[in-house]
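Take a look at the letters that make up each chain.
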Amino acid sequence: MKFLLQIISYLGLGLSIIPAILVFQGSIDSATCKTLMALGTLMWFTTAPSWMNKSEEEHG
Amino acid sequence: MWSKKALVQKLEAVNEYEQEPIPSNKLKGWKRFLGTYAGEHTAGTEFVIGPLFVAHGASAVDLVSGLIIGNILAVLCWAFYTGKIAVKTRITLYYQLEKIAGHQFTTIYNLVNAGLFCFLAGAMIAVSATAVGIPFDLAMPQLTDVYPNSIGWVVTVFAIGAITTVVAMFGFDQVSKFANVAAPWMIMVFIAAAIASLPRLGVTTVSEFWPVAKEVIWTGVPLEGQSKFTFWHVMFFAWFCNMAMHIGLADMSILRYAKKWTYGFSSAAGVFLGHFIAWIASGILYALFLIESQNSLTFAPGPIAYSAVGIAGAICVIIAGWTTANPTLYRAGLAIQSINPKWKTWKVTLFVGLITTIAACFPALVMMLLEFVALYGLILMPLGAVIFIDIYVLEKIGLTANYAEKARKDLNWSVALTWILTLAFCLGLNIFAGIEVFFLGLPGWFVAVVVYVIASKVNQKKPSIKTVQPVI
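Which chain is which? The protein sequence lines are A and B, in order. Converting from the first sequence to my numbering requires adding 1469 to each position, the first position being numbered 1. Converting from the second sequence to my numbering requires adding 97 to each position, the first position being numbered 1.
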């Protein structure tokens, strides 16, 4: 479960920057980039809190 | 999970080693310090500082070279100065200062620190307000504004101030965890916002970036009413913007957990992500805004980030401002509470939150952030010089280190005099020689060193120290 959540988190993190690179390359437009980045934000914040702080606590 | 009991437990955990050196089994590895510094230095302030370099007319060459050299100097200070002292003593700045300067002096120092924390938190609340105000079509502050420009601005600031204060009163632990989660995402959004804006500035290939950077983004021409920034401004600002943390030794609290002093070099992760990439990214965003608004004097990080990457950008500004304001407010509360530990934490934080929120209503706090950050470091710097001399020099010249503790004094006048005379000297340089606040830290440090050695020689001639010498 934790592994799956981590995958979703990293995908979300990727969606927070890759669309911007695609805009720079002219592959997608700005509106699509904004939507994808909003989706990435949602994915990151709904999954990362459940494993990030736990793994910190485990490592002390 | 929001219970007071949990907060008290957290506070007790935080205070665990405040009055004693860190035991060797509690020391942390270098990865922990990389993460701490990377997260701490990508904050709400970055959304303001990067654009202010553009507004002050820094040229692209001056900006990049100034940031690289200034950041390297800051990292060297963190390692060779803060790291070495922190690992040697393994105690907090506050405890070390109490040993040297006495309890009364530490109280005054804490009060000054709390006041500075309030202003910094206030600026971050104002930054968040610029993003929260977007859906309400709030009139944004101008670069030259000093006073609040509308009732809507005051209401928005008070709403954010109230939420920040309440959370600081009850939920520091949650905010701290939330800030950890937000840090990597914020770095991504900072970079993404800049990259997505580049085509609108005419950059469509990597090779086109530098010519556009020189001619369009960092033109070297300041905006109306702004002073001109040179290489030296940028370099000294990058070096000294965290002067309170490295030369002022506030980061002894962090680095005392390091296994080796060389972990101070991990601050490079913070300064090169936050004080290089993030400043450049936010500068790019602001330059685009200036072009598209035909040099409007409006200065609002929220709408600028929203225009670049939409809702993710606006959320980034809110979170960056809020996660900086919240712990800062909390620390201000703790600093004031140290005057009288019987005061309730929540009442002190409420009081501090009110002062901070009132300060946040004044846009001048954001517009003058560069000057404020430089002043903040300058005010706390002399105490870092005092600790440095106390640890490495005093005993070698036949004087007593940790004088207040050994002579059982509540106030070591040598330290108080060093603080007052150093700041008076810096003020004099500023007023009579016209030297800007960014450059005062370096001469000020040497003055502090000389004054402290002389004042200690005079002060320690008094016989009081002899009364507590151990009798063999």
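Please keep in mind that the hints were generated in silico from the structure rather than gathered at the bench. One or more hints might be untrue.
[To be verified] Listed next, the in silico BS3-like pairs over lysine-lysine satisfying Cα-Cα at most 27 angstroms (straight line): (1) B:Lys125 <-> A:Lys1471; (2) B:Lys128 <-> B:Lys274; (3) A:Lys1471 <-> B:Lys128; (4) B:Lys506 <-> B:Lys311; (5) B:Lys493 <-> B:Lys128; (6) B:Lys493 <-> B:Lys503; (7) B:Lys493 <-> B:Lys125; (8) B:Lys196 <-> A:Lys1471.
No experiment lies behind these values; they were computed from the predicted model shown.
Quick rundown of the hints versus the structure:
1. For the hint linking Lys125 of chain B to Lys1471 of chain A, the alpha-carbon distance of about 25 angstroms falls within 27 angstroms, and the restraint holds.
2. Proposed proximity of Lys128 of chain B and Lys274 of chain B is supported: the alpha carbons are some 17 angstroms apart, at most 27 angstroms.
3. At roughly 22 angstroms between alpha-carbon atoms, Lys1471 of chain A and Lys128 of chain B fall within 27 angstroms of each other, so this suggested pair holds.
4. As the CA atoms of Lys506 of chain B and Lys311 of chain B are separated by approximately 57 angstroms, the hinted pair breaks the 27 angstroms bound.
5. For the hint linking Lys493 of chain B to Lys128 of chain B, the alpha-carbon distance of about 36 angstroms lies beyond 27 angstroms, and the restraint is violated.
6. Taking the CA atoms of Lys493 of chain B and Lys503 of chain B, the gap is about 17 angstroms. The hint holds against a cut of 27 angstroms.
7. Of the pairs offered as hints, the one joining Lys493 of chain B and Lys125 of chain B is violated, with about 32 angstroms between alpha carbons and a cut-off of 27 angstroms exceeded.
8. Using a Cα cut-off of 27 angstroms, the hinted pair Lys196 of chain B and Lys1471 of chain A is violated, with the two alpha carbons roughly 47 angstroms apart.
When held up to the earlier numbered hints, the structure conflicts with 4, 5, 7 and 8 and fits the remainder.
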